[in-house]
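**Q** Got chain A; can you put chain B on it based on the hints?
Protein chains: 2
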Amino acid sequence: MSQLVQEQAPTRDRIVTAARELFWVQGYEATSIAEIVEKAGVNSGSLYYFFKSKEALLLACLDWYLGNLWPEVIDPAFAQTSDPIARIFAVLAGYRIGLNYTACTGGCPIGNLSIEVGDHIPSAHEKIRQNFENWRLVIRGCLEDAGERLPANLDRDQLATFILTVMEGAVMQARAHGSLAPFDAAIAQLRNYVDGLLALADQAAKKS
Amino acid sequence: MSQLVQEQAPTRDRIVTAARELFWVQGYEATSIAEIVEKAGVNSGSLYYFFKSKEALLLACLDWYLGNLWPEVIDPAFAQTSDPIARIFAVLAGYRIGLNYTACTGGCPIGNLSIEVGDHIPSAHEKIRQNFENWRLVIRGCLEDAGERLPANLDRDQLATFILTVMEGAVMQARAHGSLAPFDAAIAQLRNYVDGLLALADQAAKKS
Chain A
1 MSQLVQEQAP
11 TRDRIVTAAR
21 ELFWVQGYEA
31 TSIAEIVEKA
41 GVNSGSLYYF
51 FKSKEALLLA
61 CLDWYLGNLW
71 PEVIDPAFAQ
81 TSDPIARIFA
91 VLAGYRIGLN
101 YTACTGGCPI
111 GNLSIEVGDH
121 IPSAHEKIRQ
131 NFENWRLVIR
141 GCLEDAGERL
151 PANLDRDQLA
161 TFILTVMEGA
171 VMQARAHGSL
181 APFDAAIAQL
191 RNYVDGLLAL
201 ADQAAKKS
Chain B
1 MSQLVQEQAP
11 TRDRIVTAAR
21 ELFWVQGYEA
31 TSIAEIVEKA
41 GVNSGSLYYF
51 FKSKEALLLA
61 CLDWYLGNLW
71 PEVIDPAFAQ
81 TSDPIARIFA
91 VLAGYRIGLN
101 YTACTGGCPI
111 GNLSIEVGDH
121 IPSAHEKIRQ
131 NFENWRLVIR
141 GCLEDAGERL
151 PANLDRDQLA
161 TFILTVMEGA
171 VMQARAHGSL
181 APFDAAIAQL
191 RNYVDGLLAL
201 ADQAAKKS
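Residue numbers (my numbering), protein chains in the order written: chain A, 1 to 208; chain B, 1 to 208.
Just to be clear, a hint being listed does not mean it is correct.
Identical copies go unnamed one by one, so any copy, or any two together, can satisfy a pair.
Straight-line distance between alpha carbons at most 20 Å, and here's what the computed SDA-like set of lysine to any residue pairs gives [what the hints assert, rightly or not]:
no. : residue 1 : residue 2
1   : K127      : H177
2   : K127      : G178
3   : K127      : L180
4   : K127      : N68
5   : K207      : G196
Please keep in mind that the hints were generated in silico from the structure rather than gathered at the bench.
As the structure is a prediction and not an experimental result, all values here were calculated from the model.
Okay, chain A solo, but in the shape it has when bound (with noise of 0.2 Å):
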């Protein structure tokens, strides 16, 4: 890398941050471009050095998220605890703390630009369905690791979808009633589910 590079990649990343950021609590329609360069303090001739369109920056920030899901949201879970099936629900708890953090507002960042701009903007699209089945994947892993404490006929590709599901759809309804209510009421039938197939596979193995 040269040092004119090193140089610039703050101010690159200064830009990304205040985009993320007011693209999450804002929307992406609602910010213009002068707010985010006033939020990261640079000038707009920065700005457009780096990207050439507000559309670009999006992107740039669908790929941040990409590259920072493992350190902000599943290494903080995972170090938690070892077991597989209490992983995936010290993510799902993570998201209740950011949640409780903003008073229920601003939501899942992911969830929010799929739904605001996910049918406009096919480049976008595409990097939000990668968002999403980067997430979705981590927690089929979790899944299998689980391996015979779960039903041997569960479809555990299918579950990560549904806990994916459930994971944006409890978020949805907590920003919704600006309280945790719905978000701990589906995450608790999630659980009974989680523990009812447990509860089945083991009445399979003490059987056979």
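**A** Frame of chain A, contents of chain B only:
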């Protein structure tokens, strides 16, 4: 109702219909008053006669959804079956038809608005909450109608929240992937959970 008001009703309806469709397809922020006026085939004076702002029009759209849940969503599903559990899955299948019809674009209009404007427009936030609650109470009614077919200790209010959560998350995932596959996966897992609950209640009935 005066004759003047009667004559005005179709114009107001046309404006609300146009706004609903544009907010749904392209989002609230991305839709201008000029586009609504053009789509409705009215002049902007007519629009401002009925609605003092885009926000007022948004509230009228949310009132329309509140008033039309039954004829648009619930009645067609409930007409298919009198079984309360089958009715829940018929409601969910209705969303699948909508997703299929739109090639997995569009999504749930209330879910979309909850994410796009939920944090920013308090009056809309409250009507979005009411729309979700309206839907959830229909599902809770089905769960209550299922009586002893579900376990006695099941929290039916919580399960109703869970089903709304799954529906919204599943629609989001179908849209993000441009495919019905994640929707079908999520609903299959919900079906598996509900079937497990029905089996548990059945076993308990046979033992007693």
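**Q** Does each hint hold? Answer for all of them.
**A** Now the hints, each set against the structure:
1. For the identical chains of this complex, K127 and H177 are inter-copy neighbours only, at 10 Å across copies versus 29 Å inside a copy, given an alpha-carbon limit of 20 Å.
2. With identical chains, the CA atoms of K127 and G178 are at most 20 Å apart between copies only, with a shortest distance of 13 Å across copies and 29 Å within one.
3. Taking the shortest Cα distances, K127 and L180 sit within 20 Å of each other only across copies (19 Å), while inside one copy they are farther apart (29 Å).
4. Taking CA atoms no more than 20 Å apart as the test, K127 paired with N68 passes inside one copy only; the shortest distance there is 14 Å, against 35 Å between copies.
5. Taking the shortest Cα distances, K207 and G196 sit within 20 Å of each other both inside one copy (17 Å) and across copies (19 Å).
In terms of the numbered hints stated before, the structure departs from none.
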